[in-house]
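There are 2 protein chains.
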Amino acid sequence: MADRPHDFASDIPATGAWQHGDAVGHRQFLTIADDRPFVLELGGSLRAVEIAYETWGELDESASNAVLVCHALTGDSHAAGELSRAHKADGWWNDFVGPGLAIDTDRYFVVCANVLGGCQGTTGPASVDPATGKPYGSSFPVVTIRDMVRTQARLADHLGIDVWNHVVGGSMGGMQVIEWAIMYPDRLRSFTALASTLAASAQQLAWSALGRRSLALDPKWRGGEYYEAEAGDGPHAGLAAARAVAQVTYRSDEVFQKRFGRESLDSLDGFGLWGRFQVESYLDHHGQKLARRFDANSYLVLNRAMDLHDVGRGRNGVDNAVKRVRVPSLVVSVSSDMLYQPWQQQQMAEALESSGQSVQYEMVESPQGHDGFLLESAAIGPMIAKFIADTNA
Amino acid sequence: MADRPHDFASDIPATGAWQHGDAVGHRQFLTIADDRPFVLELGGSLRAVEIAYETWGELDESASNAVLVCHALTGDSHAAGELSRAHKADGWWNDFVGPGLAIDTDRYFVVCANVLGGCQGTTGPASVDPATGKPYGSSFPVVTIRDMVRTQARLADHLGIDVWNHVVGGSMGGMQVIEWAIMYPDRLRSFTALASTLAASAQQLAWSALGRRSLALDPKWRGGEYYEAEAGDGPHAGLAAARAVAQVTYRSDEVFQKRFGRESLDSLDGFGLWGRFQVESYLDHHGQKLARRFDANSYLVLNRAMDLHDVGRGRNGVDNAVKRVRVPSLVVSVSSDMLYQPWQQQQMAEALESSGQSVQYEMVESPQGHDGFLLESAAIGPMIAKFIADTNA
Numbered sequence: 001m002a003d004r005p006h007d008f009a010s011d012i013p014a015t016g017a018w019q020h021g022d023a024v025g026h027r028q029f030l031t032i033a034d035d036r037p038f039v040l041e042l043g044g045s046l047r048a049v050e051i052a053y054e055t056w057g058e059l060d061e062s063a064s065n066a067v068l069v070c071h072a073l074t075g076d077s078h079a080a081g082e083l084s085r086a087h088k089a090d091g092w093w094n095d096f097v098g099p100g101l102a103i104d105t106d107r108y109f110v111v112c113a114n115v116l117g118g119c120q121g122t123t124g125p126a127s128v129d130p131a132t133g134k135p136y137g138s139s140f141p142v143v144t145i146r147d148m149v150r151t152q153a154r155l156a157d158h159l160g161i162d163v164w165n166h167v168v169g170g171s172m173g174g175m176q177v178i179e180w181a182i183m184y185p186d187r188l189r190s191f192t193a194l195a196s197t198l199a200a201s202a203q204q205l206a207w208s209a210l211g212r213r214s215l216a217l218d219p220k221w222r223g224g225e226y227y228e229a230e231a232g233d234g235p236h237a238g239l240a241a242a243r244a245v246a247q248v249t250y251r252s253d254e255v256f257q258k259r260f261g262r263e264s265l266d267s268l269d270g271f272g273l274w275g276r277f278q279v280e281s282y283l284d285h286h287g288q289k290l291a292r293r294f295d296a297n298s299y300l301v302l303n304r305a306m307d308l309h310d311v312g313r314g315r316n317g318v319d320n321a322v323k324r325v326r327v328p329s330l331v332v333s334v335s336s337d338m339l340y341q342p343w344q345q346q347q348m349a350e351a352l353e354s355s356g357q358s359v360q361y362e363m364v365e366s367p368q369g370h371d372g373f374l375l376e377s378a379a380i381g382p383m384i385a386k387f388i389a390d391t392n393a
Numbered sequence: 001m002a003d004r005p006h007d008f009a010s011d012i013p014a015t016g017a018w019q020h021g022d023a024v025g026h027r028q029f030l031t032i033a034d035d036r037p038f039v040l041e042l043g044g045s046l047r048a049v050e051i052a053y054e055t056w057g058e059l060d061e062s063a064s065n066a067v068l069v070c071h072a073l074t075g076d077s078h079a080a081g082e083l084s085r086a087h088k089a090d091g092w093w094n095d096f097v098g099p100g101l102a103i104d105t106d107r108y109f110v111v112c113a114n115v116l117g118g119c120q121g122t123t124g125p126a127s128v129d130p131a132t133g134k135p136y137g138s139s140f141p142v143v144t145i146r147d148m149v150r151t152q153a154r155l156a157d158h159l160g161i162d163v164w165n166h167v168v169g170g171s172m173g174g175m176q177v178i179e180w181a182i183m184y185p186d187r188l189r190s191f192t193a194l195a196s197t198l199a200a201s202a203q204q205l206a207w208s209a210l211g212r213r214s215l216a217l218d219p220k221w222r223g224g225e226y227y228e229a230e231a232g233d234g235p236h237a238g239l240a241a242a243r244a245v246a247q248v249t250y251r252s253d254e255v256f257q258k259r260f261g262r263e264s265l266d267s268l269d270g271f272g273l274w275g276r277f278q279v280e281s282y283l284d285h286h287g288q289k290l291a292r293r294f295d296a297n298s299y300l301v302l303n304r305a306m307d308l309h310d311v312g313r314g315r316n317g318v319d320n321a322v323k324r325v326r327v328p329s330l331v332v333s334v335s336s337d338m339l340y341q342p343w344q345q346q347q348m349a350e351a352l353e354s355s356g357q358s359v360q361y362e363m364v365e366s367p368q369g370h371d372g373f374l375l376e377s378a379a380i381g382p383m384i385a386k387f388i389a390d391t392n393a
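Protein sequence lines correspond, in order, to chains A and B. Heads up: the first sequence begins at 1 in my numbering, then just goes up one per residue. Heads up: the second sequence begins at 1 in my numbering, then just goes up one per residue.
Treat the hints with caution; some may be incorrect.
No copy labels: a pair is met if it fits in one copy or bridges any two.
[Said to hold, decoys possible] Dumping the calculated SDA-like pairs for lysine to any residue here, alpha-carbon to alpha-carbon at most 20 Å: (1) Lys258 with Asp310; (2) Lys258 with Pro342; (3) Lys88 with Val24; (4) Lys386 with Gly133; (5) Lys289 with Gln357; (6) Lys289 with Asp7; (7) Lys258 with Gln346; (8) Lys258 with Gly317; (9) Lys134 with Arg259; (10) Lys258 with Arg313; (11) Lys386 with Arg107; (12) Lys88 with Asp266; (13) Lys220 with Asp233; (14) Lys386 with Gly43; (15) Lys258 with Met338; (16) Lys220 with Arg4; (17) Lys220 with Pro5; (18) Lys220 with Thr132; (19) Lys88 with Gly232; (20) Lys289 with Arg85; (21) Lys289 with Ala379; (22) Lys258 with Asp319; (23) Lys258 with Val318; (24) Lys134 with Asp310; (25) Lys258 with Gln347; (26) Lys134 with Gly44; (27) Lys386 with Glu362; (28) Lys134 with Glu61.
What the hints contain is simulated information worked out from the structure, not anything from laboratory work.
In isolation and in its complexed conformation, chain A is listed as follows:
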């Protein structure tokens, strides 16, 4: 075995983005095109925006049972459902969204849309720019969480939903949730923000930078213009490196130690510079998996959107911004979350409370780290179900 960094599979396409012509699966589409461009918060614009979304359950006659689920960085509209040719991963919140589950699709009309800048059907860097007929690549503008939320409001209009019964999400999803409550205070009845924050912290900016810089170091990223590269010649190693940074911060020391310890794939006799411990092989495996279903430029754009998340921007600070909220909320921390640390959700809960709203704050004791918001369904599911039921009582 050559003593050099791990090679990724040679059959991975240059981008894992969904593209027109690919199997549609459970996706539906809404085009926000109009006669004028979609103007973005920080100054750019997009001539046409397409939103890919999925729905579960039935909207009732008064359109009062709609729940919006907002996805995190590498999620997409496929909150629930099977893996298939059209959906390259199982529903990312399968334990939460479904008949009889916390977000009960027998009772609620559940909507999840791929975010602006994403790569699973909604307009993003891998989409074709109508002005050039080619993928946007590096010319894709910077988008913000607020831009994402504005596209979701257009989707709500389209679906005939004036007021969401509930808006829920974790991590980057929670950023959208809190912006929903601030931007459209009359368009939701309650919300849940899991493992999220009012503003990205300095350390979160740093983690993001590490991932983005690693990705950009990969010569196969080509400054963002890699869409015509052959399979195996895309920026997979760079995307995997960025994913690895995230993957470590998503979990905890305790979980890694129990799961991997110091086990190695190769014998330590003659172990090389690039011999792999099991934890390294785990990170490579996840990096490769992501490269098959994600787009490197999308990864950069969405990380930047998270960097820019600050509900106080242009609103005289976070405390002032939060005063716009008019509905009850559930705010959840995971005790071992090193990425979105509990102080951030506590700050969110305190800000909401001091602006006069009813807030339920919950700390989930778990070693799972940030990923706890995906994994701790037994603890978090019932909290959400009860909270929604209570606010509807």
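Given chain A's structure and the hints, the job is docking chain B onto it.
Below, chain B alone, put in the same frame as chain A:
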């Protein structure tokens, strides 16, 4: 300003390694050449090993006042002293080593050697391989902490030091310290291990992998053969990326938040994908600084040595290994250390105690993170001074 990743200065040489012909400064040298090669723990060998070291104070007549200071990943023999043409950074432990300080050079003969695999005078990947007349580069063998310690034992022989009065170090330095106590239990009277561990944890392996992979993604790394590259064309961006991973794990969320918050260098209006928040600029600054004084291959080799650190290897586990220790020790944690978490030093202290040795365990309450072992001189200095004095009483 171009919207692309930050460029590094164009005058940085391909390697920051010290090379023969450069100003010697305070360095002294010992050649471990002999008639046979220096055989390494994991199977490789080196035909000649040169050790660069520095000393402060005077060795007393009975050679009983010698203190060995072991440096961490990016340290070198310059534990104390000024920055100069010969020493590209101030002494890394200037607040601890000097007349009247914790490691009192008026009383002790203090020695610090650049580790094997390092780049400030001791044989490492940037050194010339006598077999080829060219730098080792990627052919430099994997070295371990035990190999480093064996070279230090040769240095002790050379200096006429049978028994160190004290051996002290933090982080990778602490790894050497604990190996000293296990490998040469009769050659030290006491030791201090700061912010260190008996074995690298799974999360530490992961952090190391992130840094090493990022570095290797830089095409200017050239598989390790970059020594003939022009200034500005070495693997600086890769080394800076690896350093950035470390830099975040060396500090704490609290310190970053207080120091940088969400301040940005550029206006957020029109902020690009590569616009920089202050924390990003800080990481770039430190990356560039390191590139001027360090060698990228050394960075890889030393990280690998830390990955391989496990005092239990070949000794029936860590608890059994620790039974070889015969002297009292001081073990120190920094409360906010996210890289070498306090449980690791507690485990070390407990293992030492259950093997029947006298152990003083101290937790330093500090927000400084792992770097606390360098920065918290006011708290840690007196602990060490008193501990050494007590064991000499």
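Against the structure, the hints come out as follows:
In this homomeric assembly, lysine 258 and aspartate 310 come within 20 Å of each other (Cα to Cα) only across copies, at 16 Å, whereas the closest approach inside a single copy is 36 Å. Proximity of lysine 258 to proline 342 under the C-alpha cut-off of 20 Å is restricted to the inter-copy arrangement: shortest distance 17 Å between copies versus 23 Å within a copy. Proximity of lysine 88 to valine 24 under the C-alpha cut-off of 20 Å is restricted to the intra-copy arrangement: shortest distance 11 Å within a copy versus 59 Å between copies. In the homo-oligomer, the alpha carbons of lysine 386 and glycine 133 never lie at most 20 Å apart, since the shortest distance is 49 Å inside one protomer and 73 Å across protomers.
Taking the shortest alpha-carbon separations for lysine 289 and glutamine 357, neither the intra-copy value of 42 Å nor the inter-copy value of 49 Å comes in at or below 20 Å. Only within a single protomer do lysine 289 and aspartate 7 lie at most 20 Å apart by alpha-carbon distance; the minimum there is 13 Å, versus 31 Å between protomers. With identical chains, the CA atoms of lysine 258 and glutamine 346 are at most 20 Å apart between copies only, with a shortest distance of 17 Å across copies and 29 Å within one. Proximity of lysine 258 to glycine 317 under the C-alpha cut-off of 20 Å is restricted to the inter-copy arrangement: shortest distance 17 Å between copies versus 41 Å within a copy.
Proximity of lysine 134 to arginine 259 under the C-alpha cut-off of 20 Å is found in neither arrangement, the shortest distances being 44 Å within a copy and 43 Å between copies. For the identical chains of this complex, lysine 258 and arginine 313 are inter-copy neighbours only, at 19 Å across copies versus 41 Å inside a copy, given an alpha-carbon limit of 20 Å. For a Cα distance limit of 20 Å, the shortest separation of lysine 386 from arginine 107 inside one copy, 14 Å, qualifies, whereas the shortest one across copies, 69 Å, does not. Taking the shortest Cα distances, lysine 88 and aspartate 266 never come within 20 Å of each other, neither inside one copy (31 Å) nor across copies (38 Å).
When the C-alpha separation of lysine 220 and aspartate 233 is checked against a cutoff of 20 Å, the pair qualifies both within a copy, at 6 Å, and between copies, at 18 Å. Taking the shortest Cα distances, lysine 386 and glycine 43 never come within 20 Å of each other, neither inside one copy (41 Å) nor across copies (61 Å). In this assembly of identical chains, lysine 258 and methionine 338 lie within 20 Å of each other by CA distance both inside one copy and across copies; the values are 17 Å within and 17 Å between. For the homomeric pair lysine 220 and arginine 4, the shortest alpha-carbon distances inside one copy (18 Å) and between copies (15 Å) are both at most 20 Å.
Taking CA atoms no more than 20 Å apart as the test, lysine 220 paired with proline 5 passes in both settings, with 15 Å inside one copy and 15 Å between copies. Within a single copy, lysine 220 and threonine 132 get their C-alpha atoms no closer than 22 Å, and across copies no closer than 33 Å, so neither meets the 20 Å cut-off. With identical chains, the CA atoms of lysine 88 and glycine 232 are at most 20 Å apart within one copy only, with a shortest distance of 18 Å there and 42 Å across copies. Only within a single protomer do lysine 289 and arginine 85 lie at most 20 Å apart by alpha-carbon distance; the minimum there is 15 Å, versus 48 Å between protomers.
In this homomeric assembly, lysine 289 and alanine 379 never come within 20 Å of each other (Cα to Cα): the closest approach is 28 Å inside a single copy and 47 Å across copies. Taking identical chains as interchangeable, the C-alpha atoms of lysine 258 and aspartate 319 lie at most 20 Å apart only when they sit on different chains, with a minimum of 18 Å there against 40 Å within one chain. Within a single copy, lysine 258 and valine 318 get their C-alpha atoms only as close as 39 Å, which misses the 20 Å cut-off; across copies the closest is 17 Å, which meets it. In this homomeric assembly, lysine 134 and aspartate 310 never come within 20 Å of each other (Cα to Cα): the closest approach is 32 Å inside a single copy and 53 Å across copies.
Taking the shortest alpha-carbon separations for lysine 258 and glutamine 347, only the inter-copy value of 15 Å comes in at or below 20 Å, while the best intra-copy value is 31 Å. Taking the shortest Cα distances, lysine 134 and glycine 44 sit within 20 Å of each other inside one copy (18 Å), while across copies they are farther apart (52 Å). In this homomeric assembly, lysine 386 and glutamate 362 come within 20 Å of each other (Cα to Cα) only inside a single copy, at 13 Å, whereas the closest approach across copies is 45 Å. Proximity of lysine 134 and glutamate 61 under a CA criterion of 20 Å is satisfied in neither setting, with 42 Å inside one chain copy and 79 Å between copies.
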